[in-house]
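Asker: These are the residues of each chain, in order.
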Amino acid sequence: GENVEQHPSTLSVQEGDSAVIKCTYSDSASNYFPWYKQELGKRPQLIIDIRSNVGEKKDQRIAVTLNKTAKHFSLHITETQPEDSAVYFCAASIHTGNTGKLIFGQGTTLQVKP
Amino acid sequence: GAVVSQHPSWVICKSGTSVKIECRSLDFQATTMFWYRQFPKQSLMLMATSNEGSKATYEQGVEKDKFLINHASLTLSTLTVTSAHPEDSSFYICSAPLAGGRTDTQYFGPGTRLTVL
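Residue numbers (our numbering), protein chains in the order written: chain A, 1 to 114; chain B, 1 to 117.
It is possible that some hints are incorrect.
Claimed, not checked - Using 25 angstroms as the maximum straight-line C-alpha spacing, the simulated BS3-like pairs for lysine-lysine come out as follows: (1) A:Lys113 with B:Lys20; (2) B:Lys41 with A:Lys37; (3) B:Lys20 with A:Lys42.
Just so you know, the hints here were simulated from the structure itself, not pulled from any lab data.
Pulled out of the complex, with its shape left as it was, chain A reads as follows (with noise of 0.2 angstroms):
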């Protein structure tokens, strides 16, 4: 079955850096990346996505880059602010027709240095 790695498990930036996490996957099928991000107690949020038919994504100070051929992606947080302190999780999913499971990395705490 699909095996997803993250890295690294903690990352420490100061406010305005940027911070990358990447992840890789095992099963050159799948074909659906989300990250996600959790705060203490509370559910995971969606907060970027990207499918095997695009290389990169871009959403204001979030991105995430996508390499089949290697089958790693990468998330890229600029400027970073305090709130973006959270744990990041990366997963793969292997969607077809109506659903795919979306198998999870084993996160990223990542933390803010005002």
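On the provided structure of chain A, position chain B as indicated by the hints.
Answerer: Relative to chain A, chain B alone:
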């Protein structure tokens, strides 16, 4: 946007009892829902796929007789933890893709914190 609710938000029970957790899609229909378990400071682990009108599909290592799933309608899936033990204490979260829409996007419920004494 699509909203998924869970009830209860937290529950404390004695060892050996059963606990039922509900997952509802409030403003959309979901033929499929997913159940995850998350231990403290760990990732979300997929437990099972709940299918409306048919049996759930369980992930390897998840006991189907212990974690009973029922998806009786297009807006409700329930997870029953039977004969709960302290090691079942965890954060249980459901998710649902939007049927008929961008079905790869999943919407998560707020989670249920289960504590077994």
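Asker: Next, verify each hint and record whether it holds.
Answerer: Checked hints:
1. A:Lys113 with B:Lys20: Violated, because 41 angstroms separates the two Cα atoms, which is more than 25 angstroms.
2. B:Lys41 with A:Lys37: Judged against 25 angstroms, a Cα distance of about 14 angstroms means the pair holds.
3. B:Lys20 with A:Lys42: Measuring from Cα to Cα gives roughly 20 angstroms; hence the hint holds.
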